[in-house]
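Visitor: Quick note, the sequences are listed as chains A and B, same order.
Mapping of the first sequence onto our numbering: position 176 corresponds to residue 175, and the numbering continues sequentially without gaps.
Mapping of the second sequence onto our numbering: position 78 corresponds to residue 77, and the numbering continues sequentially without gaps.
Misleading hints may appear alongside valid ones.
Pairs count within a copy or across copies, as identical chains cannot be separated in the list.
[Said to hold, decoys possible] List time: in silico EDC-like cross-link candidates among lysine to aspartate or glutamate, alpha-carbon distance up to 16 Å:
#: 1; residue 1: K138; residue 2: E166
#: 2; residue 1: K163; residue 2: D134
#: 3; residue 1: K163; residue 2: E135
#: 4; residue 1: K109; residue 2: E196
#: 5; residue 1: K109; residue 2: D126
#: 6; residue 1: K163; residue 2: D183
#: 7; residue 1: K142; residue 2: E166
#: 8; residue 1: K207; residue 2: D183
#: 9; residue 1: K154; residue 2: D22
#: 10; residue 1: K109; residue 2: E67
#: 11; residue 1: K154; residue 2: D105
#: 12; residue 1: K38; residue 2: D183
#: 13; residue 1: K207; residue 2: D185
#: 14; residue 1: K38; residue 2: D22
#: 15; residue 1: K144; residue 2: E166
#: 16; residue 1: K49; residue 2: E34
#: 17; residue 1: K170; residue 2: E124
No lab work stands behind these hints, which were simulated from the structure alone.
2 protein chains.
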Amino acid sequence: MKNKKIPRPTVNRLSLYLKCFSDLAASNVEYVSSEQVAKVIGLNPAQVRKDLAHFGKFGRRGFGYHVEQLKEQVSKILGTHRQWRLAVVGIGNLGRALLMYPGFTDRGFKVVAGFDTDPAKAGWELDGVHIYLFDEIVKVIKKEKIDIAVIATPKEALDAVMAKLHETGIKGVLNFAGRHLLKDHDIIVRNVDVALELEQLSFFLTNKGSGNG
Amino acid sequence: MKNKKIPRPTVNRLSLYLKCFSDLAASNVEYVSSEQVAKVIGLNPAQVRKDLAHFGKFGRRGFGYHVEQLKEQVSKILGTHRQWRLAVVGIGNLGRALLMYPGFTDRGFKVVAGFDTDPAKAGWELDGVHIYLFDEIVKVIKKEKIDIAVIATPKEALDAVMAKLHETGIKGVLNFAGRHLLKDHDIIVRNVDVALELEQLSFFLTNKGSGNG
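Kindly produce the complete structure, drawing on both the sequences and the hints.
Guide: Right, here's the structure in full:
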């Protein structure tokens with residue numbers, strides 16, 4: 000598959016490109032130069048041209064790149080041309096914030112269920128999303144055809160949550176529990192650690208001149 | 000400065016090493032092998048040895064690496080041996096979750112103030128943290144010697160927040176507003192975009208075999 004050849008740093012930038020092309024398309028811009036894209040994203044134009052070369056041939060001499068085609072192509076590579084169905088596990092402060100996060104729907108993600116071990120929270124509706132008791136997770140994830148679980152539990156609950164998720168056949172996990180999950184054979188895991196982001200910021204504040212994060 | 004020579008991918012892993020060495024130190028483990036560290040972090044031992052070589056000479060033939068010394072050194076490089084003072088800007092769902100996030104204090108970060116434009120929220124105390132009206136941000140950040148602002152406002156407010164922050168002399172920003180901030184001359188910025196993390200997960204789910212995130 001040709002997507003396998005896209006280098007990891009380019010993959011990390013795909014979301015920025017998608018955002019840039021989506022904004023340009025929304026403003027009815029038809030063609031864009033690598034210099035313009037570079038300026039919006041904060042890269043150098045040579046890097047942009049190198050990245051865009053992975054997405055196919057959309058340049059037209061003297062015109063630049065075709066915005067709509069690039070947008071479609073990047074969206075297809077990222078897999079966001081389809082809608083992903085999400086569940087949030089752990090309805091504490093962070094879980095509630097993620098469940099009601101306004102930025103998901105625009106970008107192809109739909110939260111369809113929440114789970115918590117606290118019986119007092121089961122039955123809640125938050126922004127139209129039903130909260131279930133954690134015990135029902137296997138049944139509900141299968142029934143609702145949920146693709147991705149967003150984990151916002153305390154880190155002590157992470158092993159129990161992952162054990163249950165393995166029974167559901169879920170494909171992906173975004174882990175906010177604050178403990179790094181290693182590679183998993185059946186579930187694709189992505190770890191988000193807020194304190195880690197602050198540590199990286201601390202590094203750049205401590206070692207000024209090492210470049211901006 | 001020697002820290003400038005640490006390659007970016009190693010910098011990205013410093014937090015994982017710090018976590019690993021802190022846990023080992025807490026369990027009174029004195030020496031550790033690169034194989035053991037590799038297993039905990041999910042890397043290969045050769046990569047671990049290469050990374051650790053940037054932190055100085057802590058290996059002892061037949062004993063492995065000295066845990067406490069490595070922990071101190073990584074913490075010094077990351078800048079987390081000191082305490083950073085934080086403010087959260089925007090006290091919506093996400094801002095509240097960040098303000099009360101239990102993982103910060105353990106790792107050298109202390110939230111000392113919150114800000115919101117809503118007069119109804121000014122005067123609140125959340126987990127012992129005072130919420131101020133946004134208009135007071137310049138005065139309070141200077142008085143409280145706040146180092147880092149965590150922005151959790153809607154993206155529409157981001158420009159106004161950054162303009163005010165430039166008046167405060169603040170050093171760093173962790174941006175959760177959902178719009179990517181470019182490099183800034185005076186403030187070191189780190190962007191966290193939850194939807195972007197989901198897009199990256201979407202990529203790996205769509206292109207299975209491209210490796211795990």
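Visitor: Taking the hints in turn, state whether each one holds.
Guide: Going down the list of hints, with the structure as the test:
For the homomeric pair K138 and E166, the shortest alpha-carbon distance inside one copy (10 Å) is at most 16 Å, but the shortest distance between copies (53 Å) is not. Taking CA atoms no more than 16 Å apart as the test, K163 paired with D134 passes inside one copy only; the shortest distance there is 9 Å, against 47 Å between copies. For the homomeric pair K163 and E135, the shortest alpha-carbon distance inside one copy (10 Å) is at most 16 Å, but the shortest distance between copies (47 Å) is not. In this assembly of identical chains, the alpha carbons of K109 and E196 lie at most 16 Å apart only when taken from different copies (14 Å versus 25 Å within one copy).
Taking identical chains as interchangeable, the C-alpha atoms of K109 and D126 lie at most 16 Å apart only when both belong to the same chain, with a minimum of 12 Å there against 31 Å between chains. Within a single copy, K163 and D183 get their C-alpha atoms as close as 14 Å, which meets the 16 Å cut-off; across copies the closest is 44 Å, which misses it. Only within a single protomer do K142 and E166 lie at most 16 Å apart by alpha-carbon distance; the minimum there is 13 Å, versus 53 Å between protomers. Only between protomers do K207 and D183 lie at most 16 Å apart by alpha-carbon distance; the minimum there is 13 Å, versus 36 Å within a single protomer.
Within a single copy, K154 and D22 get their C-alpha atoms only as close as 37 Å, which misses the 16 Å cut-off; across copies the closest is 14 Å, which meets it. Taking the shortest alpha-carbon separations for K109 and E67, neither the intra-copy value of 24 Å nor the inter-copy value of 45 Å comes in at or below 16 Å. In this assembly of identical chains, K154 and D105 lie within 16 Å of each other by CA distance solely across copies; the values are 14 Å between and 29 Å within a copy. Within a single copy, K38 and D183 get their C-alpha atoms only as close as 38 Å, which misses the 16 Å cut-off; across copies the closest is 13 Å, which meets it.
Proximity of K207 and D185 under a CA criterion of 16 Å is satisfied inter-copy only: 11 Å between copies versus 41 Å inside one chain copy. In this assembly of identical chains, the alpha carbons of K38 and D22 lie at most 16 Å apart only when taken from the same copy (14 Å versus 43 Å across copies). For a Cα distance limit of 16 Å, the shortest separation of K144 from E166 inside one copy, 14 Å, qualifies, whereas the shortest one across copies, 49 Å, does not. Proximity of K49 and E34 under a CA criterion of 16 Å is satisfied intra-copy only: 12 Å inside one chain copy versus 37 Å between copies.
In this assembly of identical chains, K170 and E124 lie within 16 Å of each other by CA distance neither inside one copy nor across copies; the values are 25 Å within and 40 Å between.
Checked against the numbered hints above, the structure violates hints 10 and 17; every other hint is satisfied.
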